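Please work from the sequences and hints to get the whole structure.
2 protein chains.
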Amino acid sequence: MLKVGILGLGTVGGGVIKILRERSRDFKNIVGEEIQLVKVMSRRDHRLAELGIDRSLYTDSFEEFLNEPMDILVEAIGGEAPADVVKRALEKGYKVVTANKALLATQSDELMGSEYGEALFFEASCCGGIPIVSSFEEGLMSNKIEQLLGIFNGTCNYILTEMSKGGVSFDEVLKVAQELGYAEADPTFDIEGIDATHKLCLLGSLAFREKVDFSKIPVEGITGLNPEDFAWAAENDHVIKLISMAERHGSELFAATFPCLLPSNHPMAHVNGANNAVFVRGEYTGDLMFYGAGAGELPTASAVVSDILAAAQGKVRHWSHHIFREPTFAKLSAEKPFSYYLRLKAKDEAGVLAKLCDSFGKRDISLCFVHQNPAPQGLADIIFTTHPTSSAELMEALNEMAEQGWVSGKPFMMRMLEI
Amino acid sequence: MLKVGILGLGTVGGGVIKILRERSRDFKNIVGEEIQLVKVMSRRDHRLAELGIDRSLYTDSFEEFLNEPMDILVEAIGGEAPADVVKRALEKGYKVVTANKALLATQSDELMGSEYGEALFFEASCCGGIPIVSSFEEGLMSNKIEQLLGIFNGTCNYILTEMSKGGVSFDEVLKVAQELGYAEADPTFDIEGIDATHKLCLLGSLAFREKVDFSKIPVEGITGLNPEDFAWAAENDHVIKLISMAERHGSELFAATFPCLLPSNHPMAHVNGANNAVFVRGEYTGDLMFYGAGAGELPTASAVVSDILAAAQGKVRHWSHHIFREPTFAKLSAEKPFSYYLRLKAKDEAGVLAKLCDSFGKRDISLCFVHQNPAPQGLADIIFTTHPTSSAELMEALNEMAEQGWVSGKPFMMRMLEI
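Protein chains in written order, with our numbering: chain A, 15 to 433; chain B, 15 to 433.
Hint data in this document are derived by calculation from the structure and do not stem from the laboratory.
Computed from a predicted structure; not experimentally measured.
Even glycine gets a Cβ: it sits at the ideal position worked out from N, Cα and C.
Any given hint could be a false lead.
[Said to hold, decoys possible] Here chain B is said to cover these stretches of chain A; the calculated rule only asks that three of the stretch's residues, wherever they fall, bring their Cβ under 8 Å from a Cβ of chain B:
hint : segment
1    : 102 to 112
2    : 184 to 193
3    : 293 to 300
4    : 324 to 333
Here it is, written out as structure tokens:
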């Protein structure tokens with residue numbers, strides 16, 4: 015008999031209990047012994063009846079929970095990271111299965127990097143039901159990964175998909191997303207790109223086999239986008255996605271999360287709604303893409319249960335000893351030139367466009383597309399796209415325009431990705 | 015030191031040797047010891063110099079090769095299956111890595127089903143660099159899989175992609191594909207759907223955890239397609255793909271390979287050129303898709319090398335003991351209704367369309383789309399599409415039309431898939 019304890023009876027914990035019960039006979043066939051729930055810990059006991067959990071298994075105390083002998087501890091509390099409990103469980107020799115990306119991304123050296131790291135399973139931490147963590151542990155192991163692109167946040171992708179239908183503002187769509195349960199009451203973690211960047215750190219570390227440090231990754235969310243940007247994208251065969259990117263440049267890594275324009279024939283351009291996708295360019299495999307539901311009760315719980323089964327079969331996680339310690343890349347967020355999309359409000363006066371173009375030109379920033387619309391209050395809306403350029407040069411040009419008073423407010427800039 | 019022997023120095027074997035050499039230092043870090051090539055066996059020795067293999071490692075004898083002590087044997091001969099060598103290697107306690115889907119699909123019970131099956135690694139047998147085999151072994155393990163769809167043959171997908179550009183016949187495109195190396199001189203295995211069905215058997219067995227028997231799967235290739243079908247597809251927002259499908263219906267399984275029409279918003283509709291894709295509908299994960307290069311020297315070799323590393327890390331394959339023995343499905347290829355696309359030549363006479371429609375109608379086959387074009391020799395080209403119906407009823411209707419002399423030649427029928 016395999017003893018499992020579950021920490022947290024929220025969406026994921028509840029889903030795990032449902033799946034374990036529904037398929038207990040199949041799982042006994044797969045692992046050769048029965049999987050038995052021996053303890054649950056939760057701050058509140060209100061879901062016990064609904065989930066069919068015997069009250070004798072319940073505790074609201076971490077100590078009591080940890081004192082229960084078990085083979086596998088499932089950490090499904092999330093959010094405020096119970097790092098201490100996870101560490102103590104690993105030290106006691108329990109295998110730990112977690113979906114807690116915030117915990118893993120910010121404390122990877124103490125968890126996966128510890129001497130117990132090979133007993134820590136975290137398929138569910140990234141992209142729900144997409145088996146991307148085990149793919150890096152297994153089928154992709156021989157590859158030198160060159161590029162990792164992710165659509166890692168279902169909330170953002172839902173909002174961007176809705177905005178691409180046209181004519182609705184970010185705030186309007188966010189409100190609907192909250193009503194439908196696609197966005198939290200406080201959506202900051204999602205819409206500011208933090209959640210996506212946690213996943214970038216985890217999957218980036220696995221893909222490049224070197225620790226990618228969360229605190230060093232530039233993060234930009236989707237709140238600056240407006241309907242005009244989506245109209246431009248639609249007219250010009252592009253889509254807008256929140257992309258988390260990591261790319262090897264010799265001994266440096268470019269890693270960042272940002273909204274960006276993808277050509278509509280990019281494999282990631284068709285990933286719509288609350289779905290997630292991971293695009294991997296391997297030295298030997300070439301381009302691969304993985305696609306599916308990135309969150310939700312059952313997709314995430316299914317990944318937790320797959321990890322329980324893997325742990326029950328005696329599998330261990332081999333990467334722990336190699337990565338997740340000190341970052342070894344010479345530099346994270348190496349400078350990488352991109353083409354840019356720029357939207358700004360300029361004074362609607364003779365000669366202004368020439369001044370702006372001059373600011374670009376003298377820095378060798380080559381323009382690709384220019385469109386000007388008249389706007390009220392003597393201001394003109396201008397959209398530029400550039401050929402590949404450094405972001406530093408571009409910022410310098412935009413600062414010069416602002417200092418000279420030609421541009422009003424903060425220009426909006428967004429990277430463009432090629433295939 | 016980990017001793018590896020390689021059987022076969024063709025495309026895959028050569029690729030494996032290149033990758034092992036190129037990344038030997040990284041691999042030593044990953045598995046903790048050096049991977050050493052100790053023996054190669056090949057009928058001819060002409061690639062030794064090009065691959066930088068010391069002649070002392072070479073033999074053209076299976077016996078001599080098998081007598082060399084080694085930890086891992088890579089079987090990269092393919093085609094005519096060296097089943098006996100693989101079995102003897104497993105019995106000697108060697109771990110075996112193979113890309114040979116024909117061997118595995120037709121002799122799975124003796125290989126994966128044997129007591130040594132957990133030492134047999136075959137990620138490379140399906141879909142080149144896409145880590146789909148390990149995904150079924152790991153991240154998807156908790157799921158009850160409901161549907162598996164595959165674009166499993168790059169040659170067919172290349173041909174279909176080219177034909178979708180319009181106006182070219184199957185034979186013309188096949189000739190170009192052969193010139194470009196996308197199709198073999200004898201393309202039967204690919205274009206008749208046999209190769210795709212081998213993969214369906216393997217992945218179907220993993221997905222549904224019951225042996226899917228190759229000999230019982232109906233297989234249809236792509237040779238019956240003509241430019242008219244692609245024109246209809248383009249006008250009606252569909253694409254044509256060779257699909258291998260397995261779907262659970264209670265205790266029965268529907269399993270088959272066939273060309274079919276997919277709506278252009280189906281995730282598999284964007285898979286073009288020589289790429290492969292796997293679509294999985296799991297009870298808990300929902301819809302997932304995996305996409306990438308399905309063949310080629312380095313993608314396939316990368317999967318072989320990932321298996322070498324997994325074997326070197328002491329991993330074993332846990333499914334062997336559960337599946338790949340006797341089929342346990344009550345029935346393979348359960349009856350499943352589909353919508354159908356039909357193209358036939360009918361006599362261009364008054365009342366004939368009524369007769370045809372009557373043959374459909376009296377069997378409750380409901381028509382969805384009808385288009386008739388006049389053609390020479392008193393014949394009319396007619397295209398029908400139906401609402402979902404049983405193939406038996408449809409065949410009956412077509413037989414009746416032929417018997418009554420209204421239809422000339424063999425009608426072409428093709429399934430249509432919904433999302």
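With a cut-off of 8 Å between beta carbons, are at least three residues of the segment 293 to 300 of chain A near chain B? holds (count 5)
Given coverage of the segment 184 to 193 of chain A by chain B, tested with a Cβ cutoff of 8 Å and a minimum of 3 residues: violated (count 0)
Are at least 3 residues of the segment 102 to 112 of chain A within less than 8 Å of chain B when you compare beta carbons? Our answer is that it is violated, as 0 residues pass the Cβ test (under 8 Å) against chain B, missing three.
Quick one: see if chain B covers the segment 324 to 333 of chain A, three-plus residues with Cβ-Cβ under 8 Å. holds (count 4)
Of the numbered hints given earlier, the model fails hints 1, 2; all others are met.
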